[in-house]
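**Student:** So the chains spell out like this:
There are 2 protein chains.
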Amino acid sequence: MESDGMLPVSIRDDEVDIVIGALQHDLTQFMEEWRPVFSRFHIIIIKDPDLKEELKIPSGFDYEVYTQSEMQHVMGSSTVNFSGYSSRYFGYLVSTKKYIVSVDDDCLPARDDKGNLVDAVAQHITNLANPATPFFFNTLYDPFREGADFVRGYPFSLRTGVSCALSCGLWLNLADYDAPTQAIKQRQRNTRYVDAVLTVPARAMMPMSGINIAFNRELVGPALLPSFRLSNEGKLRWETVEDIWSGMCAKVVCDHLRLGVKTGLPYVWRKERGSAIDSLKKEWEGVKLMEEVIPFFQTVRLSPQAVTVEDCVVEIAAAVKQQLGQKDAVFKRAADAMIEWIKLWKTIKAQRT
Amino acid sequence: MESDGMLPVSIRDDEVDIVIGALQHDLTQFMEEWRPVFSRFHIIIIKDPDLKEELKIPSGFDYEVYTQSEMQHVMGSSTVNFSGYSSRYFGYLVSTKKYIVSVDDDCLPARDDKGNLVDAVAQHITNLANPATPFFFNTLYDPFREGADFVRGYPFSLRTGVSCALSCGLWLNLADYDAPTQAIKQRQRNTRYVDAVLTVPARAMMPMSGINIAFNRELVGPALLPSFRLSNEGKLRWETVEDIWSGMCAKVVCDHLRLGVKTGLPYVWRKERGSAIDSLKKEWEGVKLMEEVIPFFQTVRLSPQAVTVEDCVVEIAAAVKQQLGQKDAVFKRAADAMIEWIKLWKTIKAQRT
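These protein sequence lines are chains H and Z, in that order.
Just so you know, we're using our numbering here: the first sequence kicks off at 1323 and counts up by one.
Just so you know, we're using our numbering here: the second sequence kicks off at 1323 and counts up by one.
Hints listed in this document are in silico derivations from the structure and should not be mistaken for laboratory results.
Careful, some of the hints might be misleading.
Capping the alpha-carbon separation at 16 Å, the derived lysine to aspartate or glutamate pairs in EDC-like fashion look like this [stated by the list, open to error]:
no.: 1; chain 1: H; residue 1: Lys1436; chain 2: Z; residue 2: Glu1386
no.: 2; chain 1: H; residue 1: Lys1436; chain 2: Z; residue 2: Asp1434
no.: 3; chain 1: Z; residue 1: Lys1649; chain 2: Z; residue 2: Glu1662
no.: 4; chain 1: H; residue 1: Lys1436; chain 2: Z; residue 2: Asp1435
no.: 5; chain 1: H; residue 1: Lys1420; chain 2: H; residue 2: Asp1336
Per the computed footprint, the stretches of chain Z lying under chain H, defined by three or more beta-carbons under 8 Å from a beta-carbon of chain H, are [as the list claims (entries may be wrong)]:
no.: 6; stretch: 1407-1418
no.: 7; stretch: 1526-1535
We treat Cβ as the ideally placed atom computed from N, Cα and C, and that holds for glycine.
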């Protein structure tokens, strides 16, 4: 396992949950390849409610599996939809840990530019445990990395930074393109290992990919939510935009609460799956909707009364309904799902105390 | 010379000026090492007016030198101060080319992570000739680079991007830290080659280092200006903040005029020079002033009437005088110098037509 040149962070095993949404039933290769990285942590596996086959999971891990019936039991009368890629959000809900790391089940550990296996969990937690710097851009990337610092001109008053709530990792091999791009560039593979982590500046929006992320559940948990579901959504990433929506909710909340979002390392190795050509028809719905979604999130502002993540999400949902509700039914459904999610989050939280 | 993996850009020799501010008299090693990169372009060398010795410049280059007396002739009655690192701005003024590339005279060509010599001019011009994407962050960095693209969720309406006006390069070996940081971490050297270019998002401010930059003179020329001079300024980068100020002017102008600013590649190799400890006393002035400078540039907004770069700079100067003028005399002097610079820029421009 590489030493990734970050300031040392000691990771406590009991502070991390690995959450895996199982969209395929045979997790053998996935778990075996991740064994050196995952085996010391508790793993929450959510079986996609639409998946019929029994899960195959190799032994030697500390894991728990949630299937449809177990999920139903926890959810009670709640109508939150956890199918497909949204299954992972159930894991976010039931986790009690400080940090959550989540990786799609078609991704394997990557190797860095020196050929070392990347410890994606260690890198994500390092990103989250070190401060973020959203209020002024540092041209030498993450100033808290070993061998780096704040460059000349960076105001000292901003050098303590703020807490980092969200860490968005990247992908080698098959990058996270939409279906049209993937269809046009079928042979394109991402081979460039960019050895950098950076804070996304405040008020700048970015397309968060759910493929490889981690977050501080205590700081921003309820903002990572399932709500934006395309009417014809499939079981391939490029047929979905639920994570893009969720990422922009989280970014708006982080900006409002003065928390940081980082992007860059760690990479995962993304395997091929599905045909982009087949998905083209479905994907255009998501692609078209982004033209409304991005301006909305770029301009939405929360009130000073929104002091918790739950408050913030409820305010965003109200704004979605008001500003986008008339444009497409998907937005009204998303707003309702956000409210429903916050209710469920609060219920689960109340049951614990 | 490496192929740097960018979309091919054909650089016309007559579109580029290399501008060098000579703060040391012997440019032999500097020019020899840059020969493979610089020799096909016209070079404007400005001799620091405070430098007494004759310049030593090897033969085989297409260059012109401006000394104090020649500068005086061009400037007429103007009082713009071109001493020290500000000397280069005289070159920006007299250039007639589309693109300007400027590198400090204590920097040599770097090698990339594969050991290839970096063609900093080609990389800068590629940055400038390809669009920038300031209105939404692309997590895979520059989408116009070979092998890269816009990631899923990136709205198609923003994928054409905007013109790139400014390209800020980085430094291997001695990074551009301020004197306190350099004094504390005397042995720290930057060895991490981050193979990335990214657009700094709109409204995010960054500390532009003048050590290694390029810009489109036709788009943003007058915003790269000498004006913010510390009272005790020396001949070492970490004793100055003129470039940081100038970079923030340029960023505000670019944001207002919907132009892009990129940062990242190319790297240059920065040699050691001077003692950070000796500079500590001087530097604190600049460090303290940044606490006023950054909030100012983060919040200043220009009027719709500001439609040229010259208009924008004049509006910024007025805001500096109004908002910062009472706090420190350096700000009033900077505002006056900005106005004086725009006058001189317009005069030179008028003489050409």
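**Student:** For every hint, state whether the structure bears it out.
**Tutor:** Now for the hints, and whether the structure bears them out:
Distance hint between H/Lys1436 and Z/Glu1386 is unfulfilled; the C-alpha atoms sit about 45 Å from each other, more than 16 Å. Simply put, H/Lys1436 and Z/Asp1434 have alpha-carbon atoms about 14 Å apart, close enough for the 16 Å limit, and the pair holds. Proximity of Z/Lys1649 to Z/Glu1662 is assessed by CA-CA distance (about 21 Å); at most 16 Å being required, the pair is judged violated. At most 16 Å may separate the alpha-carbon atoms for a hinted pair to count; H/Lys1436 and Z/Asp1435 meet this at roughly 10 Å.
Under the criterion of a C-alpha separation no larger than 16 Å, the hint pairing H/Lys1420 with H/Asp1336 is consistent with the structure, at around 9 Å. For a cut-off of 8 Å, the count of residues in the stretch 1407-1418 of chain Z with a CB near a CB of chain H stands at 0, and the three-residue condition is violated. Counting residues of the stretch 1526-1535 of chain Z whose beta carbon lies closer than 8 Å to any beta carbon of chain H gives 6, which reaches the threshold of three, so the coverage claim holds.
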